[in-house]
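Enquirer: Assemble chain B onto chain A, guided by the hints.
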Amino acid sequence: MRDLYRRLGISSTASPQNIQEAVQSCSDAKLKEDATEVLLSESRRKTYDQVHASLTDIGVLRAKLGLTHGANWQGSQTQDFEKGSWTPTSASQAFEKKIKRQNATTAAKSVLRSAVEFVSPFIVIGLVVGGFIYYNSTYNGSTSTSNPQSSTAYQQPSSKTQTSGSNVGSANEFLNEPAFNEPKLPLPATGTIDRYTNKSGQAPLQIKTSSGANYLVRLENVATGTNVLDVFVRGGTTVDIEVPLGTYQLKYASGQNWYGTQHLFGPETAYNKADTPFRFYIEGQQISGYTVTLYRVSDGNLRTSELPADQF
Amino acid sequence: MTDHTFTEFEQLILKSNNQLGTSILLILAWIAGSDGNVDKSEAKQLSEISEAAKHGISIQPLIRIAENHDLTAIHLACDIVASHFKGEKAHLFMEMAIGISIADGLLLPTENHILRFLADLLGVNQAGLNETFISITGRDIPPPSDVSSARYWRDRERAREGSSQQSKRSDGANSRKEPPRHSSKAIAAYATLGLEPGASKDEIKQSYRRLAQVHHPDRFSSLGEESVAAASQTFVRIREAYDYLVKYA
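Line by line, the protein sequences are chains A and B.
Position 192 (the first sequence) corresponds to 238 in the working numbering; numbering is contiguous.
Position 108 (the second sequence) corresponds to 153 in the working numbering; numbering is contiguous.
Excised from the complex, chain A in its bound form (with noise of 0.2 Å):
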């Protein structure tokens, strides 16, 4: 069985006519004698067609589950059909990795829900933001090695979060400190990932965050401390993303504008860090990932508190 059409240079779904055509300018005999007979025929061309399709499905599946060696395809006169560029996958393992990622999601959802529900204590979301722009105003990260916290006028509304007495002294001398003068760039696009891991995400992380500020979040390792991945998050957008298993704190870095890596969102970041740690694992068939919504909500479950730029 050949694949005529392949060999004609047409497609096959070529109208008569162009079929006629092809066979005219065709130089191989033995070709033009098949295609005459087959193609140009109303009704075997029916039957052609069906057998075409039927290979050229079996051509790709082959191809994708690794079986274009079978013992009965080899020498079966097929070759026309043989999709050599597939690599061969595994339709039920992607199935199952899209049911876990699906079964993540929806429990974090469904916490989500309960939450909405009985305003319970141990749940997700965000509590946050808000007042932190004044509170590190004259923060000067270019200089700044130490402590940048400085107690201006401008005083966080709760005191919960104020950082101890030996900051006090050294934030007065960055009082007159001169202004932060590092240029201002591009806002990296939601989802830029900065990874520090060589093990791969498998569990579902998903961040909204409220227009109006934008958020560098990184999880790190609870046990050791070391940083596990960054990810930036544009104001009002969500990113989904998938994170290694593991225990993490989650902290953020929030503002208007980006200074890079380095600089983070300039003399106006503000730090923050979730006070209970996040836990991704898997039970059963279901791997437990979180829905974490920045923005502050009544009710919300998740307890954040500033954090000094020293310990981001």
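In case anyone wonders, no lab produced these hints; they're calculated from the structure.
There may be inaccurate statements among the hints.
Claimed, not checked - Going by beta-carbon spacing under 7 Å, a handful of chain B positions derived as facing chain A:
id	residue
1	Leu-121
2	Ala-164
3	Asp-165
4	Asp-191
5	Ser-194
Keep in mind the model is a prediction, meaning the values are calculated, not measured.
Backbone N, C-alpha and C fix where the C-beta goes; we use that ideal spot for every residue, glycine too.
Expert: This is chain B only, laid out in the frame that chain A set:
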């Protein structure tokens, strides 16, 4: 991430109470539809197997997916079927596939190619495939007709002109358009028993006994409902063919 990231077939699999059964049915529908469409008798057979599979999935979308040549779906079904019918069980699936292939009494070239593909999928070699085919039809699996050669069509024509009295079949596809000496029902009944039209009563009886043994539903009980259903169906078809031929042949 919502449902729409799953393909239609994946959604059916997720909804299914019997994912293996749903996968088997898609492949059987693919075989049935490989000649361009799933005809009434094939659809009936599929929906009976579908009911027995108790998978809670309507057969219609599966037929549509197969008729649309949805290779992503067929690929997934192949993976699922291959993981269940490993080793010794493989020929049981081949029996089901052969069963639906010859349901209309013919083995078309498209069906022939698909059977060979499925054999490779399950690691059944040529001899193994042939053996299974013989056990069901009583004859060797023919090489697929080369419908791309002028010679095939000329031979066919000649056979048709030369022996209009004698029903000649070098390949299943030949006999479809031949003027039947026997009624089409009789020819189908002979074919079900793996016999040439006009076979003797003894041959009919012998063939029936052999096939009834092969397809006894009890043999398939370890494979779940849809396999038993497919076998019962074949079994019923064999008995009906036998009853018909004993009465009218």
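Enquirer: Each hint: holds or not?
Expert: Quick rundown of the hints versus the structure:
At its closest, the beta carbon of Leu-121 of chain B sits 4 Å from a beta carbon of chain A; the interface hint therefore holds under the 7 Å criterion. Hint on Ala-164 of chain B holds. Least Cβ distance to chain A is approximately 5 Å, under the 7 Å limit. About 3 Å separates the beta-carbon of Asp-165 of chain B from the nearest beta-carbon of chain A, less than 7 Å, and the hint is met. With a cut of 7 Å, the hint placing Asp-191 of chain B at the interface with chain A holds, because the nearest CB-to-CB distance is about 5 Å.
With its C-beta approaching chain A no nearer than about 6 Å, Ser-194 of chain B sits inside the 7 Å limit, and its interface hint holds.
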